[in-house]
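A.B. asks: Numbering-wise (the numbering used here), the sequence shown opens with residue 417 and increments by one.
For the record, the hints were derived by calculation from the structure and aren't laboratory data.
There's no promise every hint is true.
Stated by the list, open to error - Heads up, simulated EDC-like pairs for lysine to aspartate or glutamate below, C-alpha to C-alpha not over 20 Å straight-line:
1) K469 - D610
2) K627 - D654
3) K656 - E666
4) K536 - E470
5) K656 - D484
6) K704 - D610
7) K570 - D546
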Amino acid sequence: MISALPRRRTLLAASTAAALALLVSGCGAGGTDAHRIRVGVSGDSPEWDVLAKEAKKEGLTVETVVFDDYSLPNKALSAGDIELNAFQHLVFLAQSNTENKTDIAPIAATTVVPLGLYSKKHKQLADLPDRAEIALPNDPANQGRALRVLEQAKLIELRKEAGLFATPDDITADPKHLRLTPVNAQQTPRTFQDADAAVINDGVAELAGIKADTALFKDDPTAPQSVPYLNVIAARADRKDNADYRKVVELYASQAVQDEVRRTSNGTAHHVELPAADLQAEVARIQKQLAR
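Go ahead and model the full structure; you've got the sequences and the hints to work with.
C.D. replies: This is the structure we're talking about:
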């Protein structure tokens with residue numbers, strides 16, 4: 417899913433009920449302050465600290481609210497407990513909207529980052545043994561991309577009709593007889609300790625101290641097929657044209673914020689600018705694929 421950039425602060429949420437209760441108690445009565453924008457993120461996000469400083473000059477108060485479970489930021493946004501979130505790519509957002517019957521819209525692209533295959537036991541791809549155990553994310557959005565990574569690494573082949581939400585059932589060739597172990601995306605670094613390898617989201621790898629340049633293989637975040645995996649700033653669809661949100665989008669693209677993104681991602685994050693209408697059309701396209 418998501419790929420989160422670094423880590424830190426305001427709140428860790430372990431369950432929906434706990435998350436929303438903490439949000440209410442930690443953000444003031446009703447959270448209706450004028451020009452106050454709470455942004456849900458996954459882990460510490462220093463670029464949002466930089467943005468918050470710049471936002472003050474525009475008369476905006478921007479605060480980050482940190483979640484440690486990918487399932488929570490969209491629920492909090494839909495419930496009105498935060499105003500924006502910035503933790504997910506377009507495929508994950510489409511999946512979340514479909515499963516939860518929510519109407520959350522991307523209002524800006526932030527970055528796209530590579531998805532990598534990592535190993536503590538093997539130094540190169542060719543070293544993976546027959547029947548190697550490989551951990552990969554278990555949510556449909558990230559599992560489909562992880563399988564594509566394995567295919568691009570020439571470890572497996574998928575049927576041509578398999579789309580963005582490919583599953584292990586779509587594998588048509590598996591010469592190494594891999595043992596695939598689906599786990600929660602944020603738990604892949606733990607499984608990585610015992611498995612032969614693991615497909616780990618960029619932000620999760622960074623949080624676990626796994627360096628991007630140690631990947632046995634990673635996909636190309638600049639390739640056209642990476643568009644569905646653009647990370648986005650998202651809002652409730654009925655508020656997507658809010659003027660304060662547009663200011664946040666402009667600030668995210670500023671030099672100061674982008675310098676921090678490059679610094680904290682070790683150069684792995686590629687900033688992308690696409691019109692909000694194009695992003696929303698891509699989410700709609702993906703949701704149609706899910707409805708088939």
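A.B. asks: Check each numbered hint against the structure and report the violated ones by number, ascending.
C.D. replies: 1, 2, 4, 5 and 6
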